[in-house]
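The task is simple: from the sequences and hints, build the whole structure.
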Amino acid sequence: MKLFRILAVWCFILFATTGLQQAQAQPEQTEVEFSSAPQPEIEMADTLRQDGKIYVVVVVLLTVLVGLIAYLVTLDRKVARLEKQMRD
Amino acid sequence: MKKNWWKILAVVLLVFTVVAGMLSDVPRLAILNETIRNLYFHVPMWFGMILILLISVVYSIKYLRNPTTRNDVIAYEAAKVGILFGVLGIVTGMEWAKFTWGEYWSNDPKQNASAIGLLIYFAYVVLRSSFNEQQQRARISAVYNIFAFAALIPLLFILPRLTDSLHPGNGGNPGFNTYDLDSRLRLVFYPAVLGWTLLGIWIVNVKSRLEILRQRLYETV
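Heads up: the protein sequence lines correspond to chains A and W, in order.
Here my numbering is used: position 4 in the first sequence is 4, and no number is missing along the way.
Here my numbering is used: position 194 in the second sequence is 194, and no number is missing along the way.
If you are wondering where the hints come from, they were derived from the structure by calculation, not from laboratory data.
Where a beta carbon is used, it is the ideal one built from N, C-alpha and C, also for glycine.
Heads up, a few of these hints could be off.
[As the list claims (entries may be wrong)] Reference excerpt, derived from the structure (chain A facing chain W, CB under 7 Å, subset only):
| hint | residue |
| --- | --- |
| 1 | GLU41 |
| 2 | ALA45 |
| 3 | ASP46 |
| 4 | VAL56 |
| 5 | VAL58 |
| 6 | VAL59 |
| 7 | VAL60 |
| 8 | LEU61 |
| 9 | LEU62 |
| 10 | LEU75 |
[To be verified] Derived DSBU-like pairs (lysine-lysine); straight-line CA-CA distance at most 30 Å:
| hint | chain 1 | residue 1 | chain 2 | residue 2 |
| --- | --- | --- | --- | --- |
| 11 | W | LYS3 | W | LYS62 |
| 12 | W | LYS98 | W | LYS80 |
| 13 | A | LYS53 | W | LYS3 |
| 14 | A | LYS78 | W | LYS207 |
| 15 | W | LYS3 | W | LYS80 |
| 16 | A | LYS78 | W | LYS98 |
| 17 | W | LYS80 | A | LYS53 |
| 18 | W | LYS3 | A | LYS78 |
Spelled out as structure tokens, the structure:
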């Protein structure tokens, strides 16, 4: 358990520092440069976003995620209860 | 509750990944279009797999130094969850490839190498199930696990870079490098990697505890 915690903290520090470094090193880099040709019109889901329907997707994805996590939480609780019974 | 803070962190990061991953601004790129958002869901599967398999190897080494049931169980459960992440990674990669590379499977070096890597880990599960004697099973599969991890790293990270690959970051394809630097992508990508990895560790945690309980039950009965 201790190892998990150390690993989690380690990962967080690693990602935070690399992310920070990159953010500092590349503050201006928001536009991606293409060749000298005029920028073609690139299709994105603009109308979907304008119609507001992307939020439907977000809600569906969140429902799936919350459902799966809730299931995992109940499993976790059940195992914890068994562990307690075993100890007694 | 104090011990479970990282599980809460996992939930928060995953919710953030889904919401920000769908709604945030992303670079407008030809061919990729909106599929660039797969970066938050496909790539973390592989990062998560590597980190969880690393946990598996660490516990295998720990088992060889100190042969306890706990070390063996965690190594095995972590390997299985790592394989799950790898399978999800390869399937999501195929789905993404269909719409950007044109084929589900184009025998790309990155695809082939990751398939071989997964087969090596499938063999780990098969090898493990072929022993009846508990200590023999634990020791031999721990040794195999170390070799499997050592083979996986060059397969995923070195060999595809030596040839031409369609996969970003490999061969002569700078691909993601241009927008890897994009801080908008990083802002969601790193939390996504951490969130998915923590979810995997959580599954390993629950499964190992259950398996340890089961084994202890057999000992007492």
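Comparing the hints with the structure gives:
For the restraint placing A:GLU41 at the interface with chain W, the shortest Cβ-Cβ distance is roughly 9 Å, beyond the 7 Å limit, so the hint is violated. The criterion of a C-beta within 7 Å of any C-beta in chain W is met by A:ALA45, whose closest approach is roughly 5 Å, and the hint holds. Taking 7 Å as the C-beta cut-off, the interface hint given for A:ASP46 is violated, the closest approach to chain W being about 10 Å. This hint is violated: A:VAL56 has a C-beta 10 Å from the nearest C-beta of chain W, more than the 7 Å allowed.
Among the interface hints, the one on A:VAL58 holds; its C-beta lies about 5 Å from the nearest C-beta in chain W, closer than the 7 Å criterion. At about 10 Å, the closest approach between the beta carbon of A:VAL59 and any beta carbon in chain W exceeds 7 Å, and the interface hint on this residue is violated. The interface hint given for A:VAL60 is broken, as the beta carbon of that residue sits about 10 Å from the closest beta carbon of chain W, more than 7 Å. With its C-beta approaching chain W no nearer than about 5 Å, A:LEU61 sits inside the 7 Å limit, and its interface hint holds.
Annotation: A:LEU62 was flagged as interfacial toward chain W, and the flag holds, the nearest CB pair being 6 Å apart, inside 7 Å. Hint on A:LEU75 holds. Least Cβ distance to chain W is approximately 5 Å, under the 7 Å limit. About 23 Å separates the Cα atoms of W:LYS3 and W:LYS62, which keeps this hinted pair within 30 Å; it holds. Between W:LYS98 and W:LYS80, the direct Cα distance comes to roughly 27 Å. Compliance with the 30 Å bound is thereby established for this hinted pair.
Taken as a hint, the A:LYS53 and W:LYS3 pair is broken in the structure, with Cα atoms around 39 Å apart against an allowance of 30 Å. Distance hint between A:LYS78 and W:LYS207 is fulfilled; the C-alpha atoms sit about 11 Å from each other, no more than 30 Å. Distance hint between W:LYS3 and W:LYS80 is fulfilled; the C-alpha atoms sit about 24 Å from each other, no more than 30 Å. The suggested pairing of A:LYS78 with W:LYS98 is violated, with an alpha-carbon distance near 41 Å, which exceeds 30 Å.
The hinted pair formed by W:LYS80 and A:LYS53 fails the criterion: a straight-line CA distance of about 37 Å is larger than 30 Å. Between the alpha carbons of W:LYS3 and A:LYS78 the distance comes to roughly 17 Å, so the proposed pair stays at or under 30 Å and holds.
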